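What follows is each chain in one-letter form.
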Amino acid sequence: MKMRELPRREFLARMVGAVGGGLAALLGIPAAVFVIGPSQQRTGGDWVPLGAVEEFPLEKPRLMSATVAKQQGWVIEEQELSVFVSTEDGVDFVAMSDRCTHLGCRVRYVDEIDEAAGPGFFCPCHNGVFDAEGGIVAGPIPTPLDRLETKVEEGQLFVREL
Amino acid sequence: MGTRVGDWIDQRSGWRESWNRIFLARIPNISWGHTLGAATLMAVVILLITGLVLTVYYVSSPSDAHQSVQYITNVVPLGWLIRGLHHWAASALVILSVAHLVRVVIHGAYKYPREFTWFSGIALLLLVFAFGLTGSLLPWDQRAYWATEVRIEVFATVPFIGDWLARFLQGGEQLSSLTLSRFYAAHVWLFPLLLFGLVAAHLRLVVRHGVSATPKEEPRRRGDSRRREEALKREEALKREEASLL
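So the protein sequences, as listed, match chains A and B. Oh and the first sequence: position 126 is 126 in our numbering, straight run, nothing missing. Oh and the second sequence: position 147 is 147 in our numbering, straight run, nothing missing.
These are computed hints drawn from the structure, not numbers from a lab. Owing to the predicted nature of the structure, the values given are computational and were not obtained by experimental measurement. Incorrect hints may have been included.
[Unchecked claim] Cut-off 25 Å, straight-line C-alpha distance, at most; resulting in silico cross-link-like pairs (SDA-like, lysine to any residue):
| hint | chain 1 | residue 1 | chain 2 | residue 2 |
| --- | --- | --- | --- | --- |
| 1 | A | LYS70 | B | HIS66 |
| 2 | B | LYS216 | B | ILE106 |
| 3 | A | LYS70 | B | PRO77 |
| 4 | A | LYS70 | B | LYS216 |
| 5 | A | LYS151 | A | THR43 |
| 6 | A | LYS70 | B | ALA243 |
| 7 | A | LYS60 | A | GLU80 |
| 8 | A | LYS70 | B | SER63 |
| 9 | A | LYS70 | B | VAL56 |
| 10 | B | LYS111 | B | ALA90 |
| 11 | A | LYS70 | B | LYS111 |
| 12 | A | LYS60 | A | VAL16 |
| 13 | B | LYS233 | B | ALA243 |
| 14 | A | LYS70 | B | LYS233 |
| 15 | A | LYS70 | B | TYR57 |
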């Protein structure tokens, strides 16, 4: 096998290019990670207590709100969390955000939203209709209402944003 | 770059001419000392890039400055690295600039025709110190605060204008949030703009004049050297006589 001869001049030029590229990567990649990193981190939420289990009626969802302290960067911001909590037996709970998944308006509970569908949630902004489980019925809604994680501890209902 | 792509772009931009003039210029016999300018430039590049991205998280208000720096150092991925690079490259820049200056002095490279290169270099050195003064306040911790306090006291001792100067630097009667925000403005807006201009001029001049050769003893030419030396001596003696006559 015969190796192609690389002139000294070209070899040096290539070395300079390689070292320069290495230096650029050494500086550029950490800089990109630094800028992009925090924007893609999901922090999730803390468990938020909503009240004693017996306070939630069985017949229809109850709108609960709580103030949540959320750390954004180095600042702790107070945010309002409002959720519909429904339960059929007082043991298993479903918590849904009251923010419409279309553009974020607040939905309200309506006893009879539709003759066929029965009770559900209605968004006044663009006539979005969800059924009682938060599923899509009508309007420009892209996805069902967002669910929150729930747990019961010592008779208290806790929810957590996913 | 592939030759064909290179040609295509060259026909439209003429990049090759500049490239060749900068990177393929003939240079005299040089020493490691000649690389100090490029090392200084590299420190500047590191500082520019790390400084640029640090501003993404840094906030120049007294209530946020310290916490945002802590956030950068402890929470942001590789934040410790970016901040550390900015910190140490700043120290390296001061050392390299001075070393570069010493090399130029020793080689006498500040002389004709490179006076403007020298003057722009001196302006750059002062600018580096100004960057250091303003940048070291930004972390807004005890050390930053008191070190700046002392430096401003030093400025206050300047005859006649000291008081005025200290107030100008502080943005008021004492070191405060006004000082922090004006130091930040100078550090990230005014000084970098000056830096771009001066570095561009400095490099343009280096390309124009080429690299200065390492000075060495002139080789004596055989044959005419003695006769020439005698002639020079005679001329010098004559000049001295003329001067005494006057």
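* Can the restraint linking A/LYS60 and A/GLU80 be considered satisfied, given a maximum Cα separation of 25 Å? -> Satisfied, since the Cα-Cα distance of roughly 22 Å is no more than 25 Å.
* Asked: Is A/LYS70 within 25 Å of B/HIS66, Cα to Cα?
  -> Cα-Cα ~20 Å, so holds.
* To do: Starting from B/LYS111, check that the Cα of B/ALA90 is at most 25 Å away, please.
  => 29 Å, violated
* Asked: Holds or violated: are the alpha carbons of A/LYS70 and B/LYS233 at most 25 Å from each other?
  -> This hinted pair is violated, its Cα atoms lying about 88 Å apart.
* Agreement of B/LYS216 and B/ILE106 with the hint, judged by alpha carbon distance not exceeding 25 Å -> Holds, at about 12 Å.
* For the pair supplied as a hint, A/LYS70 and B/LYS216, is the alpha-carbon distance within the 25 Å limit? -> This hinted pair is violated, its Cα atoms lying about 69 Å apart.
* Asked: Taken at face value, is the distance from the CA of B/VAL56 to the CA of A/LYS70 at most 25 Å?
  -> Within the cut-off at roughly 21 Å; holds.
* **A/LYS70 paired with B/ALA243 [C-alpha distance capped at 25 Å]** => Violated. A/LYS70 to B/ALA243 sits at ~88 Å, over the 25 Å cutoff.
* Asked: Within a Cα-Cα threshold of 25 Å, do A/LYS70 and B/SER63 meet the stated pairing?
  -> 18 Å, holds
* Asked: Given the proposed pairing of A/LYS70 with B/LYS111, does the C-alpha separation stay at or below 25 Å?
  -> 63 Å, violated
* Asked: When you check the alpha-carbon spacing of A/LYS60 and A/VAL16, does it fall within 25 Å?
  -> Between A/LYS60 and A/VAL16 the Cα gap is close to 72 Å, so the pair fails against 25 Å, i.e. violated.
* Below or equal to 25 Å on CA atoms is what counts here, so check B/LYS233 against B/ALA243. => Distance of about 15 Å is within 25 Å: holds.
Hints 4, 6, 10, 11, 12 and 14, counting from the list given before, are not met by this structure.
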